[in-house]
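Q: Residues per chain, in single letters:
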Amino acid sequence: MIEQRPLTSFFSHFILICGVLLVAFPIWITFVAASHDTARMVQVPLPLLPGNHFFENLLEAFTHGVGNAKGQSVGLMLMNSLIMALMIAFGKIAISMLSAFAIVYFRFPFRMTFFWMIFITLMLPVEVRILPTFEVVANLHMLNSYWGLSIPLIASATATFMFRQTFLTVPDELLEAARIDGAGPIRFFIDILLPISRTNIAALFVIVFIYGWNQYMWPLLITTDKDMYTIVMGIKQMVEAVEEAPEWSLIMMTTLLAMLPPVVVVIGMQRLFIKGLTETEK
Amino acid sequence: MAEVILENITKSFGKTEVVHNVSAHFHDGEFIVIVGPSGCGKSTVLRMIAGLEEVSGGNIKIGDKLVNNLEPKDRRIAMVFQNYALYPHMNVYNNMAYGLRLQKHSKVEIERRVQEAAQLLQLGEYLQRRPRQLSGGQRQRVAMGRALVRKPEVFLFDEPLSNLDAKLRHQMRVELKKMHKNLGTTMIYVTHDQVEAMTLADKIVVVNKGRIEQIGSPDEIYNAPASMFVAGFIGCPPMNFLPAQHSNGGLSLENGFIIPAKDLLIPSDTRQLIVGIRPEKIEFSHLQRESGWLEVDIDFIEKLGSGKLLYTTIGPQQLILSMANGDDRHITRGWIRFPAEALYFFSHQDGSLLKVKSS
Ligand SMILES: Nc1ncnc2c1ncn2[C@@H]1O[C@H](COP(=O)(O)OP(=O)(O)O)[C@@H](O)[C@H]1O
Ligand SMILES: [Mg+2]
Chain A
1 MIEQRPLTSF
11 FSHFILICGV
21 LLVAFPIWIT
31 FVAASHDTAR
41 MVQVPLPLLP
51 GNHFFENLLE
61 AFTHGVGNAK
71 GQSVGLMLMN
81 SLIMALMIAF
91 GKIAISMLSA
101 FAIVYFRFPF
111 RMTFFWMIFI
121 TLMLPVEVRI
131 LPTFEVVANL
141 HMLNSYWGLS
151 IPLIASATAT
161 FMFRQTFLTV
171 PDELLEAARI
181 DGAGPIRFFI
191 DILLPISRTN
201 IAALFVIVFI
211 YGWNQYMWPL
221 LITTDKDMYT
231 IVMGIKQMVE
241 AVEEAPEWSL
251 IMMTTLLAML
261 PPVVVVIGMQ
271 RLFIKGLTET
281 EK
Chain B
283 MAEVILENIT
293 KSFGKTEVVH
303 NVSAHFHDGE
313 FIVIVGPSGC
323 GKSTVLRMIA
333 GLEEVSGGNI
343 KIGDKLVNNL
353 EPKDRRIAMV
363 FQNYALYPHM
373 NVYNNMAYGL
383 RLQKHSKVEI
393 ERRVQEAAQL
403 LQLGEYLQRR
413 PRQLSGGQRQ
423 RVAMGRALVR
433 KPEVFLFDEP
443 LSNLDAKLRH
453 QMRVELKKMH
463 KNLGTTMIYV
473 THDQVEAMTL
483 ADKIVVVNKG
493 RIEQIGSPDE
503 IYNAPASMFV
513 AGFIGCPPMN
523 FLPAQHSNGG
533 LSLENGFIIP
543 AKDLLIPSDT
553 RQLIVGIRPE
563 KIEFSHLQRE
573 SGWLEVDIDF
583 IEKLGSGKLL
593 YTTIGPQQLI
603 LSMANGDDRH
613 ITRGWIRFPA
623 EALYFFSHQD
633 GSLLKVKSS
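Here the protein sequences come in this chain order: A and B. Straight run, no breaks: the first sequence in the working numbering ends on number 282. Straight run, no breaks: the second sequence in the working numbering ends on number 641.
Keep in mind that the hints were calculated from the coordinates and are not lab data. Nothing here was measured: the structure is a model prediction, and the numbers come from that model. A portion of the hints provided could be inaccurate.
[Claimed, not checked] Pairwise CB distance ranges (calculated):
hint : chain 1 : residue 1 : chain 2 : residue 2 : range
1    : B       : Thr481    : A       : Tyr105    : 37 to 45 Å
2    : B       : Gly311    : A       : Met117    : 39 to 47 Å
3    : B       : Asn505    : A       : Ile186    : 48 to 56 Å
4    : A       : Ile186    : B       : Lys637    : 29 to 37 Å
5    : A       : Phe189    : B       : Ser388    : 21 to 29 Å
6    : A       : Arg107    : B       : Leu384    : 21 to 29 Å
7    : B       : Arg414    : A       : Tyr105    : 22 to 30 Å
8    : A       : Met217    : B       : Gly321    : 50 to 58 Å
9    : B       : Asn464    : A       : Phe108    : 30 to 38 Å
10   : A       : Phe108    : B       : Gln410    : 52 to 60 Å
11   : B       : Val456    : A       : Pro109    : 49 to 57 Å
12   : B       : Ser294    : A       : Pro109    : 52 to 60 Å
13   : B       : Val456    : A       : Ser9      : 50 to 58 Å
14   : A       : Thr169    : B       : Ser388    : 19 to 27 Å
[Claimed, not checked] Under the rule of at most 16 Å between Cα atoms (straight-line distance), these lysine to aspartate or glutamate pairs were calculated in the EDC-like manner:
hint : chain 1 : residue 1 : chain 2 : residue 2
15   : B       : Lys355    : A       : Glu176
16   : B       : Lys355    : B       : Glu289
17   : B       : Lys355    : A       : Glu56
18   : B       : Lys459    : B       : Glu312
19   : B       : Lys463    : B       : Glu289
20   : B       : Lys347    : B       : Glu289
[Claimed, not checked] Okay, the calculated bits of chain B under chain A, using three or more residues with CB under 8 Å as the criterion:
hint : stretch
21   : 357 to 365
22   : 381 to 388
23   : 586 to 594
A virtual CB, placed ideally from N, CA and C, is assigned to each residue, including glycine.
I would like the entire structure built from these sequences, with the hints used as guidance.
A: This is the structure in structure tokens:
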């Protein structure tokens with residue numbers, strides 16, 4: 001908008017501020033809850049201003065864990081989540097880039113068949129194929145392991161498709177120039193395609209990292225060992241504590257911690273992320 | 283330094299053959315221009331020489347070596363593309379150095395060659411820039427530089443100047459010609475622009491619909507075109523073509539005007555033929571003339587600065603006259619004459635040049 005009329009300006013700001021409040025309020029409440037002791041959190045009315053138990057709670061969460069997951073420190077769960085999310089993100093990017101590379105740059109029999117087969121898996125997310133996938137993972141003895149947590153989530157039609165589109169916009173002459181310069185397929189992939197797609201990779205990394213981080217159902221299914229719990233399923237376990245009232249302050253502290261890594265990733269990669277989604281010039 | 287020999291090259295994409303039986307011998311150090319209308323297959327020929335397309339039939343030799351099955355990098359060629367095809371994520375230096383690194387040249391050697399090319403092409407101050415931070419002309423130079431540092435035996439250019447504005451195009455044309463003079467390397471240059479062909483070439487190859495129409499020096503191509511196609515394609519404005527018939531007194535044009543026969547050497551064995559004459563060869567007078575001169579209306583005049591073009595019609599046929607400046611009267615009619623020695627005769631059927639019966 002180029003216009004600078006005060007009324008328009010006022011309204012757009014008003015709406016934006018409402019939006020911010022709407023999003024920020026729950027987070028504020030989470031923060032407030034995380035800074036009171038457990039006793040205060042079961043009294044009505046609930047506090048709206050922060051208390052002074054923030055660091056105690058932080059220490060407690062990191063060292064002892066909460067509820068059903070008692071004894072499981074939040075630190076370990078964070079680590080598990082991080083490892084899983086990173087494995088999924090890097091795995092997905094590597095696999096889908098390579099398959100897109102094969103589909104775009106090589107002529108082999110049934111090329112399009114393979115492409116459509118990959119494409120069709122769009123309709124088969126983990127939730128749909130959860131039983132057979134569990135069977136496979138169990139038979140491969142990957143229950144309660146990082147491999148089991150990440151591998152079934154790695155194959156991705158969306159990412160393959162996205163990289164295919166990116167590669168299709170790379171002018172043919174670039175490949176030809178590289179061939180004349182003496183670059184074979186692998187060199188071309190590493191020296192030319194990879195750097196050219198770096199913004200797309202960043203954008204995909206952000207999306208996939210958060211996708212991996214937020215996984216709930218799959219980790220719940222294949223981890224029975226408390227050492228393999230991820231943070232998202234851990235929170236759920238805490239709420240389901242049976243013998244006592246939920247320790248809201250600690251749960252909220254954990255939630256706060258669980259939100260941090262995705263936020264860091266988004267903020268850290270914001271510039272590349274936006275470029276990756278909007279940039280067209282190659 | 284190498285000669286390039288094409289022997290009966292054909293190329294098919296699927297079932298359609300787009301290059302038919304092309305043979306040519308390009309000598310060491312020649313500047314060859316392959317020229318033809320868009321879609322005639324000239325890029326395909328060039329890309330087969332480069333090794334980017336396989337030949338469907340025939341042989342390509344560079345130097346004495348049969349290169350049909352060699353990878354592009356092993357053919358000792360370098361190529362400049364129309365859209366430059368610079369690596370967008372590398373700076374100018376790396377764009378030029380990339381190929382050399384893959385060839386495993388030493389760092390010192392790479393540095394030396396790149397600096398040399400940069401100096402020749404006046405790119406010295408841009409070495410650290412990315413292609414997108416350069417103007418079209420500068421990108422063009424980088425593309426040239428990337429070819430130059432390879433020290434190839436044959437340079438291949440695919441319409442390298444067609445993305446530049448007219449002024450730059452002219453400037454680069456001159457520089458290219460200079461570069462060729464200095465290096466003395468064989469260069470094969472593809473273009474659809476007959477001006478580039480005429481100005482750059484030692485030898486022009488005119489291609490039409492996947493076939494070679496004529497090979498020759500610019501003068502030969504201009505003065506002795508082998509077919510109507512060549513005559514019409516080379517020269518700006520193009521040659522005028524007028525259908526004509528034999529008649530008693532000479533050649534009768536469609537409007538009934540007869541080019542007198544007395545000093546004509548007409549190919550006698552055909553009744554129907556096509557007469558060609560270059561715009562600058564038609565004589566014009568605004569004073570009334572007698573026999574042998576045809577009175578015409580001038581439809582409009584195009585001023586070119588250095589001269590002017592007069593447009594008229596003979597029957598349904600448009601005729602263009604090219605004249606020097608000078609008389610600036612507003613001309614609406616005049617008298618024209620076709621000098622016998624400037625006439626070309628083409629076959630009515632296939633457009634081939636008809637040999638004049640020598641008397
Ligand atoms: N990869 C390809 N597949 C199919 N047809 C092609 C291919 N490349 C070129 N052609 C066809 O070959 C003909 C010649 O193309 P080209 O050599 O690029 O012409 P130009 O003389 O304009 O450079 C055109 O009709 C074009 O459609
Ligand atoms: Mg072309």
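Q: Range hint 21 to 29 Å: satisfied by the CB atoms of Phe189 (chain A) and Ser388 (chain B)?
A: holds (26 Å)
Q: Does the stretch 357 to 365 of chain B contain three or more residues whose Cβ lies closer than 8 Å to a Cβ of chain A?
A: holds (count 6)
Q: Measuring from beta carbon to beta carbon, are Thr481 (chain B) and Tyr105 (chain A) in 37 to 45 Å?
A: Check passed, 39 Å falls within 37 to 45 Å.
Q: For the pair Asn505 (chain B) and Ile186 (chain A), does the Cβ-Cβ distance stay inside 48 to 56 Å?
A: Roughly 54 Å apart at Cβ, these two residues keep to the hinted range, so it holds.
Q: For the pair Gly311 (chain B) and Met117 (chain A), does the Cβ-Cβ distance stay inside 39 to 47 Å?
A: Distance hint for Gly311 (chain B), Met117 (chain A) is violated at roughly 54 Å.
Q: Is the gap between the beta carbons of Arg414 (chain B) and Tyr105 (chain A) within 22 to 30 Å?
A: With a Cβ separation near 24 Å, Arg414 (chain B) and Tyr105 (chain A) satisfy 22 to 30 Å, so the hint holds.
Q: When you check the alpha-carbon spacing of Lys355 (chain B) and Glu56 (chain A), does it fall within 16 Å?
A: violated (67 Å)
Q: Is the straight-line distance between the alpha-carbon of Lys463 (chain B) and that of Glu289 (chain B) 16 Å or less?
A: violated (28 Å)
Q: Cβ-Cβ distance between Thr169 (chain A) and Ser388 (chain B): within 19 to 27 Å?
A: violated (36 Å)
Q: State, for the Cβ atoms of Phe108 (chain A) and Gln410 (chain B), whether the hinted interval 52 to 60 Å holds or is violated.
A: For Phe108 (chain A) and Gln410 (chain B) the Cβ distance comes to about 41 Å; the hint is violated.
Q: Using the C-beta atoms of Ile186 (chain A) and Lys637 (chain B), is the stated range 29 to 37 Å upheld?
A: This hint is violated: roughly 59 Å between Cβ atoms.
Q: How does the Cβ-Cβ distance of Val456 (chain B) and Ser9 (chain A) compare with 50 to 58 Å: does it lie in that range?
A: Taking Cβ atoms as reference, Val456 (chain B) and Ser9 (chain A) lie about 57 Å apart, which means the hint holds.
Violated hints for the displayed structure, listed by number in ascending order: 2, 4, 9, 10, 12, 14, 16, 17, 19 and 23.
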